[in-house]
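Student: Residues per chain are reported as follows:
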Amino acid sequence: EDQVTQSPEALRLQEGESSSLNCSYTVSGLRGLFWYRQDPGKGPEFLFTLYSAGEEKEKERLKATLTKKESFLHITAPKPEDSATYLCAASGAGSYQLTFGKGTKLSVIP
Amino acid sequence: DVKVTQSSRYLVKRTGEKVFLECVQDMDHENMFWYRQDPGLGLRLIYFSYDVKMKEKGDIPEGYSVSREKKERFSLILESASTNQTSMYLCASSSPSGTSGYEQYFGPGTRLTVT
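Residue numbers (the working numbering), protein chains in the order written: chain V, 1 to 110; chain W, 1 to 115.
Some hints here could point you the wrong way.
What the hints assert, rightly or not - Beta-carbon label-pair distances, calculated as ranges:
1. V/Ser95 / W/Thr5: 20 to 30 Å
2. W/Thr86 / V/Pro8: 27 to 37 Å
3. W/Glu72 / V/Gln14: 40 to 50 Å
4. W/Ser80 / V/Pro110: 42 to 52 Å
5. V/Ser7 / W/Ser80: 35 to 45 Å
6. W/Ile77 / V/Glu45: 20 to 30 Å
Said to hold, decoys possible - To give an idea of the interface, some chain V residues facing chain W are shown, with a C-beta separation under 10 Å as derived from the structure:
7. Lys42
8. Phe48
9. Leu98
Quick caveat, the hints were computed from the structure, so don't treat them as lab data. The structure presented is a predicted model; accordingly, all values stated were derived computationally and were not measured. Virtual Cβ for every residue (Gly too), placed ideally from N, Cα, C.
Construct the entire structure; sequences and hints are all you get.
Tutor: Take a look at the structure:
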């Protein structure tokens with residue numbers, strides 16, 4: 001059974017304090033590893049897809065990386081507007097479905 | 001940009017009522033999904049559809065049904081609403097194209113309260 005585990009559950013950072021969110025996955029034949037941002041009361045917003053180990057993608061202060069067992073979402077010099085829940089998901093071979101982690105709630109304090 | 005819309009942002013229904021939640025996507029995606037999201041439980045898949053008139057059960061289909069009569073529209077039906085179906089309902093769509101990782105695009109969600 002595919003599994004995605006995110007840590008920590010919650011992270012509190014001072015503005016400008018860089019850190020990383022972790023996503024560990026067990027998926028048969030990884031087709032893609034996805035990161036989403038979700039603001040309270042809204043639907044998840046797609047950020048990145050990573051396809052293979054060693055791949056990196058960047059968007060503003062966010063950089064996602066992928067190894068054979070984990071993905072990291074690095075946040076550089078975060079701002080209060082980066083506060084949100086970040087979700088990780090994975091899809092395996094032969095499936096259109098995504099397996100989601102439970103998310104990391106990030107709070108960036110001014 | 002992909003756009004997924006849901007018929008209501010907030011909905012309040014009484015126990016036993018039949019409830020319809022509608023989702024429309026404008027990107028000609030083949031795949032559509034319905035999830036519910038609850039604190040501490042994360043996103044759970046209710047039903048999904050690979051094509052018009054096709055449907056597959058997800059992890060928690062009990063108490064729900066779906067309809068997909070047109071490619072762009074996917075409806076979730078609560079046959080007889082119960083208080084334990086109070087939740088945030090999220091619709092998503094994706095396309096199984098050759099270059100896609102099958103990323104899903106979500107609608108804004110419907111917060112359903114059953115009293």
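Student: Which numbered conditions among the earlier hints are violated in the structure presented, ordered from lowest to highest?
Tutor: none
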